[in-house]
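Using this note's numbering, you'd call the opening residue of the sequence shown number 3 and step up by one each time.
None of these hints come from the bench; they were simulated from the model.
Each residue gets a CB set at the ideal place from its N, CA and C atoms; glycine is no exception.
Warning: the hint list may mix true and false statements.
Unchecked claim - The calculated lysine to any residue pairs, modelled on SDA-like cross-linking and capped at a C-alpha distance of 25 Å, are:
1) K57 to S45
2) K57 to I42
3) K57 to T47
4) K57 to V46
5) K57 to Q36
6) K57 to A44
To be verified - Listed next, with one range per pair, are the computed distances between beta-carbon atoms:
7) G61 to V16: 53 to 59 Å
8) I56 to A22: 45 to 51 Å
9) N5 to M51: 40 to 46 Å
10) G11 to A44: 32 to 38 Å
11) R55 to N5: 42 to 48 Å
12) A37 to L9: 31 to 37 Å
13) A58 to F18: 34 to 40 Å
14) Y52 to G31: 28 to 34 Å
15) K57 to N5: 45 to 51 Å
16) D27 to A58: 43 to 49 Å
17) R6 to G62: 57 to 63 Å
18) G62 to G40: 29 to 35 Å
19) T19 to Q54: 44 to 50 Å
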Amino acid sequence: MGNRSVLLGLVAFVVFTSPAYAYLDPGTGSILLQALIGGIAASVTVGSMYFQRIKAFFGGAASKKSGQK
Numbered sequence: 003m004g005n006r007s008v009l010l011g012l013v014a015f016v017v018f019t020s021p022a023y024a025y026l027d028p029g030t031g032s033i034l035l036q037a038l039i040g041g042i043a044a045s046v047t048v049g050s051m052y053f054q055r056i057k058a059f060f061g062g063a064a065s066k067k068s069g070q071k
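Full structure from sequences and hints, please.
Listed below in structure tokens is the structure:
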């Protein structure tokens, strides 16, 4: 019964929509672009930090083995 009412609600939401007549100024596009670029930069930074940890882990294990000889 729950899935049917959710589906009926979604169909009603799509069928009975009306135009919003909203205006998005150029500043809104700029904010969205900055958020996208910031998200990409943050993702690259976090990925780089984890890559450095992995590289140090495997690099540290190799240097310890060579130092024990």
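Of the numbered hints stated earlier in the document, which are not met by this structure? Going through the list in order, the structure violates hints 5 and 13 and respects the others.
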